[in-house]
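2 protein chains.
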Amino acid sequence: MKIVVDAMGGDFAPQNVIAGALDAVKDYQVPVTFVGPSVTIEAELKKYQYRKDLVEIVHAPEVVAMHDAAAVVIRQKRNSSISIGMGLLKKEGYGAFVSAGNTGACVAGATFILGMIPGVDRPGIGCIFPSLKKITLIIDVGANTAAKPEHLLQYAKMAKVYAREVMGREKPSIGLLNIGEEECKGTDLEKEAHKLLEEKEPNFIGNVEANEVYTGKSDCIVCDGYVGNITLKVSEGLMESVGKLLKREITKGIKLGKFTIPKNMVAAVSAALLKHSLKDLKKSIDYSEYGGAPLLGVNGLVLISHGRSSPKAIKNAIRVAKEQIEHNVLAKIKEEMVPHNG
Amino acid sequence: MKIVVDAMGGDFAPQNVIAGALDAVKDYQVPVTFVGPSVTIEAELKKYQYRKDLVEIVHAPEVVAMHDAAAVVIRQKRNSSISIGMGLLKKEGYGAFVSAGNTGACVAGATFILGMIPGVDRPGIGCIFPSLKKITLIIDVGANTAAKPEHLLQYAKMAKVYAREVMGREKPSIGLLNIGEEECKGTDLEKEAHKLLEEKEPNFIGNVEANEVYTGKSDCIVCDGYVGNITLKVSEGLMESVGKLLKREITKGIKLGKFTIPKNMVAAVSAALLKHSLKDLKKSIDYSEYGGAPLLGVNGLVLISHGRSSPKAIKNAIRVAKEQIEHNVLAKIKEEMVPHNG
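Chains A and B supply the protein sequences, listed in that same order.
According to the numbering used here, numbering within the first sequence proceeds without interruption in unit steps and concludes at 342.
According to the numbering used here, numbering within the second sequence proceeds without interruption in unit steps and concludes at 342.
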């Protein structure tokens, strides 16, 4: 099964996309199909040596900008890499679509072109959050900013399959993001979703407070897309500021008890130590380690990567897409959403 | 003007509360009134030497637990430190109330006992967020989880006065927390609030994305209490995890190029360096540096401190309360909310 890659998606496309995808081809022997303006893709591919039998190009002349309105893209840019790439998933032999492009356009394109899985009303973006113990899948982080309680139940059921098949959790726990532990907490959405989840989802463990997102308390956490997006972006912004603050620190002199060691004496060692610490820390927090965010609920495997994706992030997204295909995640989600009777 | 202090508020009451308040008495010569069971307060006060003429005790036999439901507290525990303490603000000579206790009970108590300022429909908790450049006031972080657009406009106007009088910003900028820069982003609340703010608040600078909270882009940021609380708690949880991860790092060996220096050799120096970095970092992020969160909109000065407040946090909350009294913040907010005509 080929993995369709949006060659024009992201702030550093096509360079980072093609570099990361060719790494995936090399390391995982996975066939990829680049979608985008063929001249641009061919020019970029010339810089590399790679297995030609595993790389295909499908021409898509139009390019979606990061700020293009989603609805406009789907209606007016029918020859974009997103529209044509999604369309390929309906053909034999194409297993998943990976894009670091315009998130709204990917969600709208997937919904319009692939359609929804029976039993699911709205797509949800699942995002892998790192934690002290193990990773957590939070859904939705931005596809659906007007979620209803039943949407959160649907997210819970899909996340459960994903956590079992891709994250390897035997009996994945499901939490509801909230501002308190008690079931009476939150807005009407959380109160009603709490009732519904308790009634219909045996793996539901109750509310998870926002300060417990990074403790690994729950395998999966469901929430409205607006709140999920705020959670994701606040975290990104805070980590960026923390990184800058730490760097600022190592340019100062260091106080050890009564003595101040001037900065030129400690610069080398502290820089090395902090660089090391920050590297491992960044690896623990960095979303690129876990590849793209699965768009769950649409009738096809779609992974949305960060707009600023590095080649490594693209490579990892393709690895995750491959795992999803091998584990037959789409079929298993469909089965979960329409239970067999008798 | 005396500052009323809830002696029984918080996870480490009365110890931390009394220790911090007495530090404030000593350093700022501010008169404080402890409210709570007088026997308990007197026993704790015996451990210290302090200026007796600046310390008063008002007996309140009932204690509010951190998990007590707010409505129940106000109806049934009329002799709690929160109820009696708030009541003092209606008397001559009492300028502000500081509590690290049950937030919901403080909000409900303030609303019920002090009432609202004319022109304000709902109270909002303003919380000081640190950033790379300067602090930012975010309102609301949890008082009102069903905000309407006009509530956000009211928060904006109150925050503006607070930022000018307490934070020293000449012309405070006001942002709207959102998931994108464009005015079409967000839920119906944000879309309508954007319109209203643009129309009625000259200092409005548009949407502030969640990843820009920690860059100091705006002096004040308004949002619904549910989203604000998630923003606050996600940040707290992430910082706690980052701290633990950094500590975990320094117990490992350090790789410098090809060489791995074993942990016993680098432990001392790296521990010292990281401790130093973490200390300054923590200071930049730590809410206790900025004292309690002002509860704006109620007819009295109320500061809510973190339940886990250290003595330093209590001391700083009292300092901020003193500044609010000196700057006549309450009168100035009232003036802002009911503009004089002609």
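Among these hints, one or two may not hold up.
Given that identical chains are not distinguished, each listed pair holds provided it fits within a single copy or across any two copies.
[Unchecked claim] Pairs of lysine-lysine residues, derived as DSS-like cross-links and limited to a Cα-Cα distance of at most 27 Å, are as follows:
hint, residue 1, residue 2
1, 191, 148
2, 148, 334
3, 46, 200
4, 244, 133
5, 217, 47
6, 134, 244
7, 185, 217
8, 148, 195
9, 185, 148
10, 171, 47
11, 334, 244
12, 217, 191
No lab work stands behind these hints: they were computed from the structure.
Hints, verified against the model:
no. : hint        : verdict
1   : 191 <-> 148 : both (11 Å within a copy, 19 Å between copies)
2   : 148 <-> 334 : within (20 Å within a copy, 38 Å between copies)
3   : 46 <-> 200  : neither (54 Å within a copy, 57 Å between copies)
4   : 244 <-> 133 : both (25 Å within a copy, 11 Å between copies)
5   : 217 <-> 47  : neither (45 Å within a copy, 41 Å between copies)
6   : 134 <-> 244 : both (26 Å within a copy, 14 Å between copies)
7   : 185 <-> 217 : within (18 Å within a copy, 31 Å between copies)
8   : 148 <-> 195 : both (13 Å within a copy, 25 Å between copies)
9   : 185 <-> 148 : both (16 Å within a copy, 19 Å between copies)
10  : 171 <-> 47  : neither (46 Å within a copy, 53 Å between copies)
11  : 334 <-> 244 : neither (44 Å within a copy, 40 Å between copies)
12  : 217 <-> 191 : within (20 Å within a copy, 34 Å between copies)
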